[in-house]
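Heads up: the protein sequence lines correspond to chains A and B, in order. One gets the working numbering by counting positions in the first sequence from 1 and adding 643 to each. One gets the working numbering by counting positions in the second sequence from 1 and adding 643 to each.
It is possible that part of the hints are untrue.
As the list claims (entries may be wrong) - Pairs of lysine-lysine, DSSO-like flavour, derived with a Cα cap of 27 Å:
1. B:K861 / B:K819
2. B:K861 / A:K842
3. A:K861 / B:K842
4. A:K764 / A:K728
5. A:K743 / A:K764
6. A:K743 / A:K811
The hints are simulated quantities; they were obtained by calculation from the structure and are not laboratory data.
Protein chains: 2
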Amino acid sequence: MEIQIAVSKIKKYATSDSGDTVEVIERPQGGLSVVMADGQSSGRGAKSISNLVVRKVISLLAEGVRDGAAARAASDSLFTERSGKVSSTLNIISVDNATKTLVITRNNPAPVLLAYGENIKLLDEKSIPVGLYRETRPVISEISLEKNLTAVVFTDGLIHAGSRTGEKIDIVACLKCFLEEEDPSPQMIADNLIDHAIKLDLGRPVDDISVVVVRVTKHRGDQIRRMSVRLPLPPI
Amino acid sequence: MEIQIAVSKIKKYATSDSGDTVEVIERPQGGLSVVMADGQSSGRGAKSISNLVVRKVISLLAEGVRDGAAARAASDSLFTERSGKVSSTLNIISVDNATKTLVITRNNPAPVLLAYGENIKLLDEKSIPVGLYRETRPVISEISLEKNLTAVVFTDGLIHAGSRTGEKIDIVACLKCFLEEEDPSPQMIADNLIDHAIKLDLGRPVDDISVVVVRVTKHRGDQIRRMSVRLPLPPI
């Protein structure tokens, strides 16, 4: 089997910083974790919140702390730092080599889409952001890694796209459509979702949007691990 | 302008873990850093060393600490933890949005290749790994970001490829050849270098190999940040 992960991010129109932070980190027992946070409001303030949350989580994961415990620690940490006045959503998507599972941790009202082949299931159990209350718990789903499993995780910018014009993106229908293609790449899925959202926002995103797509595919060929990043720089 | 980064990694033949660790992290002032370490020896022991070094560096970079200071801290930290008995190479490659520079930090005898268009320069000033001595300093090069700048950074597995058969990879000649192509992608460069090394090792790498390629290109089109990862899983 092979794991393919794609992350696509765009910031709200005319803001200095995206309030979303997404990082990918290696797990000490093997595998990878993607950590995504969306700090309250937007711009620099939101960035510093989401950065704090993601930093806390990745440093704990790197020490071997389990995902659920890392999410709780991040919540307590933000609660303490900002006296419960500031929230952030948090998702951790882990490919755990030790247990051969995909572990999805949600502190985010936005659902996660999980597809077995073309069958899409919504992980939408009630879940609240971190930082507002003591004892905030994440909702955790653990799924066996199997071929053609796809997980799509996003910040609420994707849901709110089109709110200016009253249109809305039907994420489930879009994903269904992409999955009907022959072996869709995660980057294609993430890019198409974000492109669709930007179109609904008439080219000016009303919120930061981040989309993470994880796919388990057949292993093809070599044992090389690869990572690639594309980062457009603001004009000087 | 747009930054494109590619990382390709393969582990030594018949070892459980790669002793190399490579992580990419966002910089708090904007931009990205790639942190690469190669722990002494190979397998699990080497992995825990390189992991310790990279973890230390990324947690400091995330707090806004400068690259040179983070490298020194990682050296002191490994020196203290292992009483100066264990070494690790360390490279930090940062795209710094604040200063519009590429900052290359070396604690690694292996050189870094820097190409302006097709002109290749070697950054090969004497540099020693972290962890063995007090007061180990990195060698730092700061280069203005400009179009067609390419940096190629690697662990010594790439240099030692072919040692079983007495052959050797001419990395500079290879890179020259790739750069003659029309707009070569960093992933193509990284993959071709690693493929070449694996061939010289007759399909069984004699050491862990990691290659990082950073390229500054013309900006094309959208403002979406993208990251993608491919992770082959060991058979169950």
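Here's how the hints hold up against the structure:
| no. | hint | verdict |
| --- | --- | --- |
| 1 | B:K861 / B:K819 | holds (20 Å) |
| 2 | B:K861 / A:K842 | holds (24 Å) |
| 3 | A:K861 / B:K842 | holds (24 Å) |
| 4 | A:K764 / A:K728 | violated (33 Å) |
| 5 | A:K743 / A:K764 | holds (20 Å) |
| 6 | A:K743 / A:K811 | violated (36 Å) |
Violated hints, listed in ascending order, are 4, 6; each of the other numbered hints is respected by the structure.
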